[in-house]
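Starting from the given sequences, assemble the full structure and let the hints guide the process.
These protein sequence lines are chains A, B and C, in that order. Each number in our numbering corresponds to the 1-based position in the first sequence with 5 added. Take the second sequence: its position 5, counted from the start at 1, is -7 in our numbering, and no numbers get skipped. Each number in our numbering corresponds to the 1-based position in the third sequence with 2 added.
Everything labelled a hint here was simulated from the structure, so no lab data went into it. Every residue gets a Cβ at the ideal spot worked out from N, C-alpha and C, and that includes glycine. Misleading hints may appear alongside valid ones.
Pair by pair, the computed Cβ-Cβ distance ranges are [unchecked claim]:
1. A:V227 <-> B:K88: 34 to 40 Å
2. B:R223 <-> C:E167: 41 to 47 Å
3. A:A155 <-> C:D62: 53 to 59 Å
4. C:D62 <-> B:R223: 26 to 32 Å
5. A:T21 <-> C:G175: 31 to 37 Å
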Amino acid sequence: MRTTTSRPADAPRTSTVVAALLRKELRVELRSFEAVPAMSLFSVTTFVLFHFALQRNALSGELASGVLWVTLLFAAVLGINRLFVADAEQGGFDGFLLSPAGRSALLYSKALTLLAYLIVLELVAVPGFALLLLQPALWPALPGLLAVLALGDLGIVVIGTLVGALAVRTSVRDLLGPMVSLPLLVPVLLCAARASSPVLASARAGALPLRWLLTLALYDLVFGLITFAVFDFLLED
Amino acid sequence: MYGKRLRPLALTTFAALTLTLALAFFWAPNDADQGFLQKIFYIHVPLAIVTLCGFVYGGIAGIAHLRTRDSRWDMRSYVAIHLSLVFGVGVLVTGSIWAKGSWGVWWDWSEPTLVSFLLIMLLYATYQPLRFAIEDPERQARYASVFAITAGAFVPINFAIVRLSTAYLHPRVLGDISGNLPGRFQVVFYLSLVSIGLLWITLWRYEMTSKHARAQLRALRRLLAGDDDDIPAPRRSAVPVLTASAGPAGDGGGVGSPR
Amino acid sequence: MAAATVQTCATPPHRPRSSRQRRPAARAGAAHPSAGRATLAALELRGLTRRYGERLALADVSVSVEDGQTLAVLGPNGAGKTTLLRLLATLLRPHAGEVSVLGHRLPEDGWAVRGRIGLLGHDPLLYRELSARENLQLYAALHGVAGDRVELLLRSVAMERRAQEPLRTLSRGMVQRVAVCRALLHDPELLLLDEPRANLDPAASELVEPLIGRESGRTRVIVSHDPVGAVAEADLVLGLVRGRVRVLATAAELDPESLVELYR
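Written out as structure tokens, the structure is:
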């Protein structure tokens, strides 16, 4: 959909630009601690809330799967809300747009940043979940769970980057982010929860249902393509 | 430009709807299981189909808007989504009534169409707040188009996924669209589909005409006033602003101002 | 001395610089800076129009700026000055009319000029948590510019000693100096300046002058709220009121009365 002619030969390579942007994201996050600590803490607190709300000491199977994924989703939404805030407030969009760097570089760097947030979140949330609420042992379930987490994270990243960019320059960015991303994330939740419930079953752990993983992967792919196609239009002033 | 042939269109729609209702009530036989209540199927399913097509059209108009930067496409997308939201409420209400009549509950999670619709409506309900939250009209239109495209793609995918998920829960499907219906049912069903489709199109054209006329009126007023001074600061609005074609190569013919 | 340093610096490796000489009187010289371009002018605006909803932010603006010239854009608040600057920077698209920047039509050829324009606006466009050096290194990567330019520019604005500290600990004037570096990092041919000396103390202003002032030899567009000062360093003056051109004259022929009228 670009109406411009091809980039001049002296434009910097996308990989260099993405690397530089990632370095910036990492530095800013490490120095300001805006997103990741909040997400991680929130997930643990939510587990505690679920304990009291469901009045259960241990969960397994579908219930465990559901509680884990809903918690991850809500924590992710916190991260999505913060993803573009620094750029919107400190003029990062303009600075980027003024450069000859390819627009997709910003998409890649933000997607990778959100993925990094999610990985750190899960490093806290999954053991936390295993400690507080999960009845069966985590270790044997881990490979299957990791596969589901990987695909689920991809879905969250794809939708989250799009919605984050969409919501950040509106007047109600903190409300619009969750409102728009959660319905779009329901299929991710659906497939991920279904895929991980046999893995977290209390009796002999079931096999990973490939059907749901495949559906999730397809969803990730389709919305990945859509995000890639429309992202540029969100960057313009 | 949308006002042409509006009256014949409206009359045709009215006639089609009347015919459909008449046939549904007097000609089509009563269903063996559900009796008279089954007739709501003639409204519920066509409403659902038309609504979904409307949302998808909203997405297609969004693509056209991003490509041409013409505000008319944004208006088309806005009206389509707006109208489909209203029709969508109708889907949920008629579906709920039907569920209550058939199974005694107002809501049933194992009915895939209703569940998909709930999700879609929750998503599209954010369209207006999104637009309202952006003041710059051009950016508002652009962001709305991006949303319309994403949500438009979401509609069919979501349908497929929810259907897949309820397939494992013994779905109690309220209405089967394919040719499982015997003769008379089919005739009335397709007639109803056409009528409700016409209804959507007529309402869409009415709203487009009205918005277009208002934009032309404003443009004329501006011309008469001769200067921008007289325009008061516009109230914040989610409604697209129709301006002359936005691209530098545009012909400026959108609103009829003789530039 | 700072000027000399800038002039003799290595040009960014990616950009094969034509034999452009950066001297105070940049227009003379064997190799004309615009050699190889379709049109001679650095900036060519014809009937430029940009709307904001139903209002006109810019209406039918036409002006032509030659290489190395300075255009001063003046006008009361809401005149469209910032819109014009952002449009020239390729951040906004024109809705009607023709815009040609450095010989390339906008918005189609925006790509071709993006690396050759420097924008210095109200917003420094810098991340507060990063240091000056880290910010500039980021922009160097974005523009495909070699890293030694960063050090060079930091020295030329006397910020090398505080280049490690996060920007949020620096004063507004220092941040502005770093912003100047950011705008010049890729050695742009066209400078777009919005109140460039705001927040700068006289010493800093002096440091920055050879980089963004008339002697730099770059084509400049300056938006200013100080009509007298702006006209003093300009070749052309454009006065806007509510998006429309009210004044367009060379600095020499400018009637001071018309300037007063602008702000009435």
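Do the hints match the structure? See the list:
1. A:V227 <-> B:K88: 34 to 40 Å: holds (35 Å)
2. B:R223 <-> C:E167: 41 to 47 Å: holds (46 Å)
3. A:A155 <-> C:D62: 53 to 59 Å: Because 56 Å falls inside the window, the suggested range holds.
4. C:D62 <-> B:R223: 26 to 32 Å: With a Cβ separation near 28 Å, D62 of chain C and R223 of chain B satisfy 26 to 32 Å, so the hint holds.
5. A:T21 <-> C:G175: 31 to 37 Å: Hint holds: Cβ distance 32 Å, inside 31 to 37 Å.
The structure fails none of the hints (numbered hints given earlier).
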